[in-house]
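K.L.:
Use the sequences and the hints to build the structure in full.
Number of protein chains: 2
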Amino acid sequence: MILFKNITVLDKYGEIAENQFVTVKGSRIQSVGSTRPEGTFEREYDGKGKLLMPAFYNAHAHSPMTLMRGYGENLSLNDWLTDRIFPFEDQLDAGAVYWATLLAMAESFRYGIASSTDMYYFADSIAKAAVDCGAKLNLSRALVSFDEEEDMWKTVRFLEAKDLYEEFNGIGDGRIRIEMSLHAEYTSTPKLVSQLAEYARQIGAQVHVHVSETQAEVEACKGRHEGRTPVRYLSDLGLFDTKTTAAHCVWVESEDIDILSDKNVTVATCPVSNLKLASGVCNVPLLKEKGVAVAIGTDSAASNNGLNMLSDIKFFALLNKERRADPTLVTPKEAIEAATVIGAQAQGRTDCGRIAEGWRADLIVMDIAGPHMTPVHDLYNNLVYSASGSDIVLTMVDGRIVYENGNYPTIDLERVKSEVESAKNKILGALNA
Amino acid sequence: MILFKNITVLDKYGEIAENQFVTVKGSRIQSVGSTRPEGTFEREYDGKGKLLMPAFYNAHAHSPMTLMRGYGENLSLNDWLTDRIFPFEDQLDAGAVYWATLLAMAESFRYGIASSTDMYYFADSIAKAAVDCGAKLNLSRALVSFDEEEDMWKTVRFLEAKDLYEEFNGIGDGRIRIEMSLHAEYTSTPKLVSQLAEYARQIGAQVHVHVSETQAEVEACKGRHEGRTPVRYLSDLGLFDTKTTAAHCVWVESEDIDILSDKNVTVATCPVSNLKLASGVCNVPLLKEKGVAVAIGTDSAASNNGLNMLSDIKFFALLNKERRADPTLVTPKEAIEAATVIGAQAQGRTDCGRIAEGWRADLIVMDIAGPHMTPVHDLYNNLVYSASGSDIVLTMVDGRIVYENGNYPTIDLERVKSEVESAKNKILGALNA
Chain A
6 MILFKNITVL DKYGEIAENQ FVTVKGSRIQ SVGSTRPEGT FEREYDGKGK
56 LLMPAFYNAH AHSPMTLMRG YGENLSLNDW LTDRIFPFED QLDAGAVYWA
106 TLLAMAESFR YGIASSTDMY YFADSIAKAA VDCGAKLNLS RALVSFDEEE
156 DMWKTVRFLE AKDLYEEFNG IGDGRIRIEM SLHAEYTSTP KLVSQLAEYA
206 RQIGAQVHVH VSETQAEVEA CKGRHEGRTP VRYLSDLGLF DTKTTAAHCV
256 WVESEDIDIL SDKNVTVATC PVSNLKLASG VCNVPLLKEK GVAVAIGTDS
306 AASNNGLNML SDIKFFALLN KERRADPTLV TPKEAIEAAT VIGAQAQGRT
356 DCGRIAEGWR ADLIVMDIAG PHMTPVHDLY NNLVYSASGS DIVLTMVDGR
406 IVYENGNYPT IDLERVKSEV ESAKNKILGA LNA
Chain B
6 MILFKNITVL DKYGEIAENQ FVTVKGSRIQ SVGSTRPEGT FEREYDGKGK
56 LLMPAFYNAH AHSPMTLMRG YGENLSLNDW LTDRIFPFED QLDAGAVYWA
106 TLLAMAESFR YGIASSTDMY YFADSIAKAA VDCGAKLNLS RALVSFDEEE
156 DMWKTVRFLE AKDLYEEFNG IGDGRIRIEM SLHAEYTSTP KLVSQLAEYA
206 RQIGAQVHVH VSETQAEVEA CKGRHEGRTP VRYLSDLGLF DTKTTAAHCV
256 WVESEDIDIL SDKNVTVATC PVSNLKLASG VCNVPLLKEK GVAVAIGTDS
306 AASNNGLNML SDIKFFALLN KERRADPTLV TPKEAIEAAT VIGAQAQGRT
356 DCGRIAEGWR ADLIVMDIAG PHMTPVHDLY NNLVYSASGS DIVLTMVDGR
406 IVYENGNYPT IDLERVKSEV ESAKNKILGA LNA
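Chains as they are written, first to last, in the numbering used here: chain A, 6 to 438; chain B, 6 to 438.
Derived by calculation from the structure, the hints in this document are not laboratory data.
You may find that some hints are simply not true.
Put simply, identical chains are the same to the list, so a pair is met inside one copy or across any two.
What the hints assert, rightly or not - List time: in silico DSS-like cross-link candidates among lysine-lysine, alpha-carbon distance up to 30 Å: (1) K10 - K422; (2) K338 - K133; (3) K10 - K295; (4) K293 - K431; (5) K338 - K431; (6) K293 - K227; (7) K338 - K422; (8) K53 - K431; (9) K30 - K422; (10) K53 - K422; (11) K431 - K268; (12) K30 - K227; (13) K53 - K293.
P.N.:
Right under this line is the structure:
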């Protein structure tokens, strides 16, 4: 049992409370209060100059793409995918994906991310990596189909997704949650969408899908499907009938937003990736006004190029101020909630994302004593606009410390870096052969 | 004399060179090469897993405004200035400005900034703080006038600016350079602009001015001055006849860009501040295409809210990709140059901003071994998109280490934080009285 003492806390009401005492027992927060609880503790953590806050929940990620960090820069989305990412991905194997995922988890822990909503291939390797290092993951094997006649139930891809669900869903005390994912409208057929929606309903799995990331995608979808937008089309085919995370939603129209709201779809906005690939700026204030939950995703390390959630939070808080010409939009508190409790809810983790008795101990300790965090007029403002991801000095997932002061207790970082560099070189060698 | 050994270097050509040896003697770089120089050294710095690169030059700052970090958030530029910043500033005194400047310098050093182009009041306190901690500063006392008849030569403000120039220009082996600044077109009269331009020409001082930050500013200027934009108007009155830094330039028109180019004005773009106050996105690619030098400014800690240049570099590199719908715009190398050598040139520091023999030793050591910097497909890409400001582990100004691993050899940070907190509380007390 660990005691955080005399620490500033972002409490369950989202308020800043100073000089608090928080205890963690097993995977859960046991107590939060302003007086020291009785008893002895395995460890007492001195909270002077520190903030204890909920860890981050990354609502859209492709963890193994750390392998492609900085590979193929300054290209359009189409060129980036076609000339760089797809050929590189063709060379991936289970080992490369395992090590690249561990690298992503190390970076995630370093930047305070406890859990990621992840969509990729070789998903069993991703699951194993997450289990091995203690990360939480909402994971899915992305499904695609380009053959109108293809029967999903018989495809290897679906069987992999099904096996993944049966082998990993709920393991690690619920840390691993398996979802069903459709890669996107433009990489699928109506038959696949319907069949996947049917399966998700059968087993009660969450759905993860890329939606309306670019204007071109929306226009092409309308051309293919009687003028319907991706949101309308996917909704008509039943994809949103189980709890869904829709990544991007940059180019959603008024009717789309009503559908997302009616279907309780969470939008995972990826502000940095959407800038880098010149996709656009998601209209977060309008989505929220219409009742749509908005969480924050880093997207992959190939299009961000990192998993520094606090950096993405700053982009999230700033971009709509300028785009909608209104600096009152997106408050610091809204930004922090999007990256914490709303992200946790999007992942179906209803006991995660707040510092409250009985809730899961997914926690960050942040050093708030640096010159860049002084003075304090309002700690929320400093947290969103002034803090650096590296101010995070400790990350805990389900009560287990996974990062502290440059150390990764659950990951052999030197080995991981070496394995990733080898895998990268092997793939580049094959591509250049 | 210090030797950096076996270190990766961003060399004088802007290329990445591995396993280099760099020596610093006094304030200058003595040698750069791939073999170990002979001799013994006071200190040998092991460069394994590290990058040695030029320090940053912050092209637009108001250092003492660290006091107002996070004070007055989510407001329009006008409300922010009128309801928050101006009343707070009315309460400032020389002591508050001195300590707040030291806080800004600590943060600047922590984030690799060697030198800032700074404009504010109580400028002699700012200069003293910079001298005391070893920072470089291009400093000016901002001039304003709202009286068409007022004769600049007789104003206290001008006499302060003149005294500042005479007392501090060139001191500290040239680290302090005093400039003349006009706050902006909208806070001045034609007479002030002409007289200040005349004085700057007389003494050969550089000029610093806010230009075309908001659309409303440009429209109001046209109304006041026969349809002329701020750039046209200030140019007509001779303000750009000495070397000038024009901050913001978000709303410049085609003819403005030609003038800026003809007059060799450097634009200091402030991407984060311009988002936060909903001012707009400076068209960096177009300015560069027309031959205008573009450097990067943080603006103040009240509108950023920090001095984390590497964070601002990421915004700089990303914003125009999305705004101009072209992800090929603003390469990582261009972004780094804007924050280093172009910033140094804007400050008239012609022997700063590159790692080359005989140049000033304004240097950063960056830890490039973290998980977020792995793998390396292209180090520039990692530096701009993946690195964190906190990866900077050492900052050197004119050969003197001013930051290393959380320590500030030239600043008593605990005292500074305490003095700033006291000054803040005193001012808030007066405002609430």
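K.L.:
Would you mind marking each hint as holding or not holding in the structure?
P.N.:
Results for each hint:
| no. | hint | verdict |
| --- | --- | --- |
| 1 | K10 - K422 | between (35 Å within a copy, 23 Å between copies) |
| 2 | K338 - K133 | neither (35 Å within a copy, 38 Å between copies) |
| 3 | K10 - K295 | neither (41 Å within a copy, 58 Å between copies) |
| 4 | K293 - K431 | neither (45 Å within a copy, 39 Å between copies) |
| 5 | K338 - K431 | between (45 Å within a copy, 27 Å between copies) |
| 6 | K293 - K227 | within (25 Å within a copy, 38 Å between copies) |
| 7 | K338 - K422 | between (36 Å within a copy, 25 Å between copies) |
| 8 | K53 - K431 | between (47 Å within a copy, 24 Å between copies) |
| 9 | K30 - K422 | neither (33 Å within a copy, 36 Å between copies) |
| 10 | K53 - K422 | between (34 Å within a copy, 15 Å between copies) |
| 11 | K431 - K268 | neither (45 Å within a copy, 52 Å between copies) |
| 12 | K30 - K227 | neither (53 Å within a copy, 66 Å between copies) |
| 13 | K53 - K293 | neither (36 Å within a copy, 48 Å between copies) |
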